[in-house]
Amino acid sequence: MAQIKEVTKILVDNLKLRGSVLPISQEAATKWAKDLNLPKGGDTILYTGNMYQIIPYINKLVKTLELFEGTFFMNFTVFGRMANRFVNVSKFMGGPNKEEVKTFNNTLTNMAKLLQKSGSKFGYLYEDDLYAGALTYDLGADDVTLAQAKKVYENLKKHGVKRVITVDPHTTHMLREVYPKILPEFDIVVKSYIEVLAKRGLNPLNNKGGEVAIHDSCVYARHENVVGEPRELLSKAGVNVKEPFESKKITFCCGGPAESLFPSKALEVGKKRMAQLCKECDHVTVMCPICNANLKRSATNGTKITDFADYISEFYLEN
Amino acid sequence: MTTRVDPGFMKKVKGLGDQNMEMCFNCSKCTAICPMDTNLLPRSLFRYALLGMTDKIKAEQESIYSCLLCKLCEESCPRGVKIADNVRLLRSYLNRDVFNI
Ligand code: SF4
Ligand code: SF4
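Residue numbers (my numbering), protein chains in the order written: chain P, 1 to 319; chain W, 320 to 420.
Next up, chain W with everything else stripped away, as it sits in the complex (with noise of 0.2 angstroms):
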């Protein structure tokens, strides 16, 4: 199975908005805390979206609007991420490229 990657995609996800996926070092605390329980891995979406998987990120396109945007996450993350944010932004981004909305 061949994974295509999108090296232009991150350039386009910044022109949406501010994001900072980078500042995720994997660590999952934000998964051990999230109310939604494991469907939903920001720290996996982070690195498909740093890496131009775009075909992973359309996969993924139910547990990127399934997060509630609660920021729970967000008071325990080690590194600051802004999780809800960036998680919004990926769903700018399958509205404008993906569904043409």
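Next comes chain P alone, as it looks inside the complex (with noise of 0.2 angstroms):
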């Protein structure tokens, strides 16, 4: 069971000295946005918290993990801990699956042109667009989740920021429900993009229909209340929406939490999850990078896993 400690202890240690539980450079943090000329800062802005960006480096963590899982080699990640002190021990586990990053990336972009289509007038904030906090924070390593706010809130405050779009259910719950326990004056509105595209009524350019299976995200749906917005989009553009057994409030955990520690129980968890979704259907939708990569991982007959933007794109984005 070291793996705990020293796991936890080199995610905090990275979030301290390097601004993220796994540092990546700022290139590719901001890479999505390359084309698209978002202003810097503003009332509005797009915050990613890095979520989508670190995900394919949280999945090369994963499959080293679960080499060591349970194993004498498991005892390594004290040496690991000490060194990351020093050095960026991350670097050290080999790049990040290319096709991965360029989707997640993808999915970002989208994102942004559907907010633009809906009307929506935002900035970004480039390398300031700094990580929440969400899995120190669930972790239960609070002082350096404080710490972190904190820095948060004054650079959005430098910036001028009045309003947040988040673009994932655990930056949108760290800044809605926890900043403001934590922080009591954290006096930023935040609204996921979702939540944002219902809300002004964007209509799709086609609604050639299709059938898909939706898994809420934990957060979104019982965290954050994101139930009813997702469906709306779908069912505009003729979506036919299937359930699982278990969705909407009594959604049924992808596993992805459970992924930096125990690995092989997350996908114990995922394929559960996948069971009751490939029932429905042989396409899935998520609204979450975390729950996108531990279906994935848990998926094993050919389902299709695709992000909800990325989804909706087909209808309301020209091609």
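Treat the hints as calculated values from the structure; they're not laboratory data. Yeah, the Cβ is synthetic: ideal placement off N, Cα and C, and Gly gets one too. Be a bit skeptical, because a hint or two may be false.
Distance ranges between label pairs, derived from CB positions [to be verified]: (1) P:39 x W:346: 51 to 59 angstroms; (2) W:331 x P:97: 38 to 46 angstroms; (3) P:34 x W:399: 41 to 49 angstroms.
Two chains, each in its own frame: build the complex with the hints.
Below you can see the structure in the form of structure tokens.
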């Protein structure tokens, strides 16, 4: 069980020393926005918190942990933890899967284009778009999470931000629910891009329709009450939304939150969820990069998993 | 075998954040619905915590960190126990007092 303390420590040290649980280059973090000419800062910004960008790196870490989980070699994380204070050990795990990086970057670009199409005006913070601390908060590392929350807030203020549009459920939850609790002065209005698109009444360019099974993220459905909006956007486009056995408020977790400490447990839960989803349709749409990664790892029979932004782009954006 | 009890344990946990472990009346509905199967027993964790059984809490590290914080259990808890927040608080305790993080 050595890995609980050691992995937590590595992630905490990374956030403290390098600003993210898994540090990535500025170029990698901002590449998705390269051709969009988004202004820096402003009243309203699209805030990625780097969640989509770091998932390919987390996947790499999970693969490494999977090799060692429950073995004598896991003890080497003790060495890793000490070394990590001086040098970023995640660099030595090898690069992430290039296709995965491309897919997640494309998803972020699609989100921005969908928002632009809905008439929303927003900027982006580029290198100041900081990780919000979801993983350290979940691991109970409260001091480092609070320090990060302060940094994020100061940074938003510095850029004159009043409203934030988020791209994933975990960052939405951190900024909307957790930050105001741990940082009472936090006064930024937070909405996810899905809520913004639904509220602005975005209309599809076509309603060629289709069929897709929907996987609600636990965080969106139970913590943030984002349930009706994605369904509204899908039905407007004529999509037949297939609901798995456990969905909406009683959605069944993808298993992803266990990934960084117990990859095999995460996989077990993911497989149970995939069995529910596959029964409904061989195409599944997800709203969270963690769900996306863990369900893809758990899928065995060629079921297609597509991020919600990419899926609805087929109906709402010109190709 | 002796069991050590720390009478100040809950005071420490309360100092870390809001919790309502004492609301749990041990019905086990949460365990029946939990995606992590029976390895994770919130009712036992809360009992150990309320009794200040710190050795048990330390021994249950794996189950404390296995919780997905998904809150599915909370949808059916008849007592409105904030199960995920309570479990997360036990992690805060372990981080601070046991792992020195
Ligand atoms: S469902 Fe609620 S009351 Fe019942 S054992 Fe679980 S936490 Fe306790
Ligand atoms: S929050 Fe934890 S205890 Fe509750 S259902 Fe999810 S994994 Fe199980």
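- Is the hinted range of 51 to 59 angstroms satisfied by the C-beta distance from residue 39 of chain P to residue 346 of chain W? Since residue 39 of chain P and residue 346 of chain W have Cβ atoms about 54 angstroms apart, the given range 51 to 59 angstroms holds.
- Message: Can you tell me whether the CB distance of residue 331 of chain W to residue 97 of chain P sits inside 38 to 46 angstroms?
- Response: holds, 43 angstroms
- Using the C-beta atoms of residue 34 of chain P and residue 399 of chain W, is the stated range 41 to 49 angstroms upheld? Holds, since residue 34 of chain P and residue 399 of chain W (Cβ atoms, about 48 angstroms apart) stay within the stated range.
Violated hints are absent here; each numbered hint is respected by the structure.
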